[in-house]
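Below are the chains, spelled out letter by letter.
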Amino acid sequence: MLYDIRMSIAYDYPGAASSARHLLRLLPAELPTVQRVIAREARVTPTPVEWLEAKDFFGNATIEVSLDQPHAESLFEVSARVERTAPGGLLDVSPRLADLPREIDLYPTVAPRSPHHFLGASPRITLHPEMTAYAHEPADSSETVLDLVQRLGDRIHDDFDFDPEATEVDTPALTAFERRHGVCQDFTHVMISCLRGLGIPAGYVSGFLRTVPPKGQARLEGADAMHAWVCAWCGHETGWVEYDPTNALQVRQDHIVIAYGRDYGDVAPVKGMMRLAGEHSTTQKVDVIPLE
Amino acid sequence: MEGQIANPLQRFLSDYVPPQGVPDELLDSDGSVRPAWETFISRLAAMSPERLAIRISHGDRYLRDAGVYFRRYGPSDDATRDWPLSHVPILLSEADWAEISAGLTERADLLEKVVADLYGENRLVAQGHLPASLIAQNAEWLRPLVGVRPRSGHFLHFVAFDIGRGPDGSWWVLGDRTQAPSGAGFALENRIATARVYSDIYATADVARLAGFFREFRDTLMSMREMGESRVGILSPGPMNETYFEHAYIARYLGFTLLEGDDLAVRDGRLMVRTIDGFQPISVIWRRLDASWSDPLELREGSRIGTPGLVRAVRDGNVTMVNALGAGVLESRALMAFLPRLSEVLAGRPLRLPNIATWWCGEAGARAYVRENVEWMTLADAFSTGLSYETGGVTPPGTGFADWLERKGGGLVGQEKVRLSTAPALINGRLKPRPMSLRIFLARTGDRWIVMPGGFARIGHSAESNVLAMREGGRAADVWVPGDPGQQAESLVSPPRGTIVRTPRGALPSRAADNLFWLGRYVERSEYLVRLLRAYHARLAESESPGGPLLRLAAAHLKGFKCDPAQPVPVQLVNAIRAAHLSAGHVSDRFSVDGALALADLDRTAAEFADKVTPGDDAARAMSVLLRKLNGFTGLVHDNMYRFTGWRFLSLGRALERATNMAACLAAFTDPAAAAGSLDMAVEIGDSVMTHHRRYSVATTRETVFDLLGLDALNPRSVLSQFNDIERHLAHLPGAGEHRPTTPLARALLRARTDLALQTPETLDAAFLTRLIDEIADMSDQLTLAYLG
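Sequence order for the protein chains is A and B. Under UniProt numbering, the first residue of the first sequence is numbered 1, with each subsequent residue one higher. Under UniProt numbering, the first residue of the second sequence is numbered 1, with each subsequent residue one higher.
Hints were generated in silico from the structure; no laboratory data involved. Bear in mind that the values here come from a model prediction, so they are computed numbers and not experimental data. Note that the Cβ used here is the ideal one computed from N, Cα and C, for glycine as well. Be a bit skeptical, because a hint or two may be false.
Now the stretches of chain B that chain A is said to cover, found in silico as 3 or more residues with beta-carbon under 8 Å [claimed, not checked]: (1) 128–138; (2) 678–685.
Restricting the straight-line Cα-Cα distance to at most 35 Å, the calculated cross-link-like pairs of lysine-lysine (DSBU-like) are [as the list claims (entries may be wrong)]: (3) K285(A) with K55(A); (4) K113(B) with K55(A); (5) K562(B) with K612(B); (6) K559(B) with K271(A); (7) K271(A) with K408(B); (8) K432(B) with K408(B); (9) K215(A) with K285(A); (10) K285(A) with K271(A); (11) K629(B) with K559(B).
Only part of the chain A face toward chain B is listed, based on derived beta-carbon distances under 8 Å [claimed, not checked]: (12) R113; (13) H117; (14) G265; (15) V270.
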């Protein structure tokens, strides 16, 4: 599937920000066999005095920019054309949960895709007995890890309400879990906490969702802004599997990946502290238009 | 009777009974004094208790006068504490010292190899010598630094080790400090204070001096700068940090610039200091800030004490961090379980000094061992970087221990319970054995490690306890190591020989200038308020009722400063003094210790007065006390402070504040309709009663008061005199010179000064003064924009 993507994030500051330095993770990723970038471009207003493109530890494309003029608003825009292919159908060859630790031990490495990064706590994920207990119910009724990931994701989708008003970007997973409300970021953080609580390596994926549904299908939740979903490591044979708990579906060709990380902190689209600026407001717009 | 005189040593040691089962530093197993201690302890024993007490008080006074403190955090108290010096130094034998030095040098080399691998090829994990999860789930393994080679070629430049002597008499490493080790500056202060207590013994004893170590390290850091750079920075988390005193102390001692994250910025991949003369590059930073806080862009997001882009500058190879960002990963407690093995793998030999036995519960075998032997172990968080006797301890549940251990697994370590040797401490004048550990410092000079010949000893507060932390009542002691006989007394302050070299100074960092500027303003504001309040309460005491016209006028003027006239010591005054004290705290490396102590005293006094002073005479007298203390401080500053640029900012702050206040005073008290006595009050607040009397020999009139407090350039209190001072100071700041008249600041000054100078006592009025106050505020804004932003 071929997509044209347009995205903009605008920040408004109550007082003029004197200068700023940002780290951006906004560009669609180049992923051999599933996602091909035909063109991608980012623009920043006001015009930065420094512009550095690089890759972070996990291989995500980053842009570091520096703005040295006082400004009351800043604008980050992306346009891209991306071809997305659905990963092949999954024959469930994933291990039983009890056998997963042994398979993880087969990876004595801290290379970026190693499952070891995605276990235990990370800056925005802490493991809570409540969430682990919540995950145990689907765990007990699942044969395999892959099956478990889907059952857990379905359970979260059923139990939680999608509610853009309920949470903020800094809401901890536990709060969202207790309220059973949230946006894609909360669904994703809750599911990651649950999976890690069971010892399943789980990470955070940021990206886009097609805004216009195929004929006869409902529009997916979270398509108006940047989206987030979960990646889970389902054993040596199966490897990483992506699952969208907000929409209760396996990630196929409606999702376009920007970045992978342990949690939101690793992939936040715009980072950077303002000197002398107070609370700011954000407006986000996303259009993902299929071309055929 | 005769026996006592014949053997003062025996008498002195009569209470000294070391516990069984651990060695004692002073006495060997037969109870005889060890050779390293013989001279020292017999001379100590020969001293009368009274004399010893006097000498100890000399040492303590030194520490107080030097302002040595540490900050302690608690749920209910957060305060600075006197430095808890244990007055008996720890004496080490030559053999012990040789063993410690050699063992720790090897360990430092080993740790360098480990950290280079963890941020490089990661072969240790790949080959199974280190578990992947121990690194991947370690918060101190900083992903943005993976693959980054340090500019200097080394990750570690300054490290410390906590060591203790175990029951078998050999030394054990208790902890590795590689992040930002503290204590070296405190070790220096302990030395100075201890050398004072035992001045005669110290002078003749072969005790290795510490200054050479610091000089070599300083020279090494200086040699790592880029061409043309003027400074090496010490990066501190700021005055709220536990060991801020030490950061400021080391900065002063070594001539380095004390910096906070906000002093720095990154431009095109280079690290820069914001100064009053614009951005200046810097490439060597001795970091006292934990790495994860140092860059909110790539490391801990919420950090407000870091510098956005710092990691970028490091990655681009433009800055040397001492130690490299990420080196803190070596402090993880679980790593100790693997170091014996890593030594074999990387150095081809066992550890020369063993570390405390450690089992990482992520491995089934180790977990089983911990399960069976937990009664003689402490359990702790595997990733904790604290010392086993300080933090990170974990208490297992009462029941279901085996399940709990299985569940926690790799998050836990078991460590052998530490039993430390004892060393003498003076408790109420008697010598008593107390548990002890040592912190030893190593610095890299080129490819070589040098060991500080001495260190920092921690002494437990009770004989049984192994709790050595100072916040738990532990004490600190000096460490004496045998030096070369006949060594020259050396010190950092005296150059080895020949000509005096004046250190070139880089431009003043903007934040330091800003703090000095506000220090000047707050002190001057406090003084004005104190004079105003004294005049007010003196008149109140003279039984004029509060409703009288003059008191009403003064009360209104007080309210203009947001002071409540009903409060004898208004909150605003206490706040202004507190603000002065805080501003000074941010620049304590540029400030005399006497000045800091004077402000602390002033702050304390004002707070005390606020609780108990009553209106009228009592308040007037309290204000006189505060005024004396304020004058003491300003006297120190203006008589003693070297005329660095920093002093000029302090003086600029004072002049701008004084100009504003004096203009406001004139506006309030010289209105033709003002109450009787208001002119005299203005002259009193302006501290010009005597001058007025001598200069005009008439009673005060509007004209004489305007002349004296407004226009008389010879009166250091007049508004015009402040403008002249400001002009003089600006001429010494960057940007002064031929283009100066065109700067907005110079124009603002010229405008205000000309406006004022063109007035005569007859034309000066309240409307003009109000405009003048606005012009002074504009000057302050322009100054901030030009130099302090």
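task: Grab the minimum C-beta distance from H117(A) to chain B and call the hint holds if it beats 8 Å, violated otherwise.
output: holds (5 Å)
query: Is the hinted pair K285(A) and K271(A) satisfied, with a Cα-Cα distance of at most 35 Å?
result: holds (18 Å)
- prompt: Are K271(A) and K408(B) close enough, with their CA atoms no more than 35 Å apart?
  reply: holds (34 Å)
query: Minimum Cβ distance from R113(A) to chain B below 8 Å?
result: violated (11 Å)
Status of the hint placing G265(A) at chain B (closest C-beta pair under 8 Å): holds (6 Å)
message: Need the status of pair K215(A), K285(A): alpha-carbon distance at most 35 Å?
response: Holds. K215(A) to K285(A) sits at ~23 Å (cutoff 35 Å).
- request: Hold the hint about V270(A) up to the distance rule: shortest CB distance to chain B must be less than 8 Å.
  value: violated (11 Å)
task: Decide if the proposed pair is consistent with the structure: K285(A) and K55(A), CA atoms, cutoff 35 Å inclusive.
output: holds (25 Å)
message: Against the 35 Å threshold, does the CA-CA distance of K629(B) and K559(B) hold or violate the hint?
response: holds (24 Å)
Agreement of K562(B) and K612(B) with the hint, judged by alpha carbon distance not exceeding 35 Å: It holds: about 21 Å lies between the C-alpha atoms, which stays within 35 Å.
message: Checking one constraint from the list: CA of K432(B) to CA of K408(B), max 35 Å. Satisfied?
response: Since the Cα atoms of K432(B) and K408(B) sit roughly 42 Å apart, the hinted pair is violated (cutoff 35 Å).
task: Given that the stretch 128–138 of chain B was listed as covered by chain A, double-check it with a C-beta distance under 8 Å for 3 or more residues.
output: Since 7 is at least three, the answer is holds.
Hints 2, 6, 8, 12 and 15 from the earlier list are contradicted by this structure; the remaining hints agree with it.
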